[in-house]
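Just need the whole structure built from these sequences, with the hints factored in.
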Amino acid sequence: QSALTQPASVSGSPGQSITISCTGTSSDIGGYSYVSWYQQHPGKAPKLIIYDVSNRPSGVSNRFSGSKSGNTASLTISGLQAEDEADYYCNSYRTSSTLVFGGGTKLTVL
Amino acid sequence: EEQLVQSGAEVKKPGESLKISCKGSEHTFTFNWIGWVRQMPGKGLEWMGITYPSSSESRYSPSFQGQVTISADKSIRTAYLQWSSLKASDTAMYYCVTLPSFTWRVDNWGQGTLVTVSS
Numbered sequence: 001q002s003a004l005t006q007p008a009s010v011s012g013s014p015g016q017s018i019t020i021s022c023t024g025t026s027s028d029i030g031g032y033s034y035v036s037w038y039q040q041h042p043g044k045a046p047k048l049i050i051y052d053v054s055n056r057p058s059g060v061s062n063r064f065s066g067s068k069s070g071n072t073a074s075l076t077i078s079g080l081q082a083e084d085e086a087d088y089y090c091n092s093y094r095t096s097s098t099l100v101f102g103g104g105t106k107l108t109v110l
Numbered sequence: 001e002e003q004l005v006q007s008g009a010e011v012k013k014p015g016e017s018l019k020i021s022c023k024g025s026e027h028t029f030t031f032n033w034i035g036w037v038r039q040m041p042g043k044g045l046e047w048m049g050i051t052y053p054s055s056s057e058s059r060y061s062p063s064f065q066g067q068v069t070i071s072a073d074k075s076i077r078t079a080y081l082q083w084s085s086l087k088a089s090d091t092a093m094y095y096c097v098t099l100p101s102f103t104w105r106v107d108n109w110g111q112g113t114l115v116t117v118s119s
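These protein sequence lines map, in sequence, to chains A and L.
Taking our numbering, the leading residue of the first sequence gets 1, the next gets one more, and so forth.
Taking our numbering, the leading residue of the second sequence gets 1, the next gets one more, and so forth.
Calculated directly from the structure, the hints in this document are not laboratory data.
Please note that a few of the clues may not be correct.
Restricting the straight-line Cα-Cα distance to at most 25 Å, the calculated cross-link-like pairs of lysine to aspartate or glutamate (DMTMM-like) are [claimed, not checked]:
(1) A:LYS44 - A:ASP87
(2) L:LYS43 - A:ASP84
(3) A:LYS44 - L:GLU2
(4) L:LYS43 - A:GLU83
(5) A:LYS44 - A:ASP84
Since the structure is predicted, the reported quantities are computational estimates derived from the model, not experimental observations.
Put into structure tokens, the structure is as follows:
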């Protein structure tokens, strides 16, 4: 099955804001409000940072925010910090009780 | 956050079978669904499928249907991912994950099990 589409890389300077997009179809992102975002540092397991499009789990910085419009979801990180440098993955529920991930985006903090 | 403890790294030959495990708490297996995620070396995350411990039903991503078997034994709080005949392309890190029942957010990840398949 095809993955959701994310940019391969994004970059920003400390203090700036960046946005990562995640594009799907009406069978996943466009049809449901079950979009999540995960942060993965090298050699570590991923960590949930946004769920149900725009909700943050307890303990996740409010510098992370999520949104959705049509078939595209977005993750915005404001006030970039060096520790935000990581890989970011979106995922969405897809029709027929399955999930699908995006290809991942490497964030570089300049 | 409840801990998921996965079995250790495995090195296997093509054609061999393998079953890896993921152990959690009673709470985990009562109130969560258990899923598996593959990450091939240097690549992204791929959803493999999910098992519902309360019903023993499992559902698979189309890409993994027929390639693996996902199961759980609620009585011993353990989920499994198994292959009947490994291929070199199965070399990857495999993560056990939980989703609170009736939600679709992966809120907890195991430490991962590295499977290496090489002749």
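Restraint check for LYS44 (chain A) with ASP87 (chain A), where alpha carbons must lie at most 25 Å apart: holds, 11 Å
Given pair status - ASP84 (chain A), LYS43 (chain L), alpha carbons within 25 Å: Holds - the C-alpha atoms of ASP84 (chain A) and LYS43 (chain L) are around 19 Å apart, at most 25 Å.
LYS44 (chain A) paired with GLU2 (chain L) [C-alpha distance capped at 25 Å]: holds, 17 Å
Agreement of LYS43 (chain L) and GLU83 (chain A) with the hint, judged by alpha carbon distance not exceeding 25 Å: holds, 21 Å
Proposed proximity, ASP84 (chain A) with LYS44 (chain A) (alpha carbon, max 25 Å): holds, 14 Å
Violation of the numbered hints given earlier is absent; every hint is satisfied by the structure.
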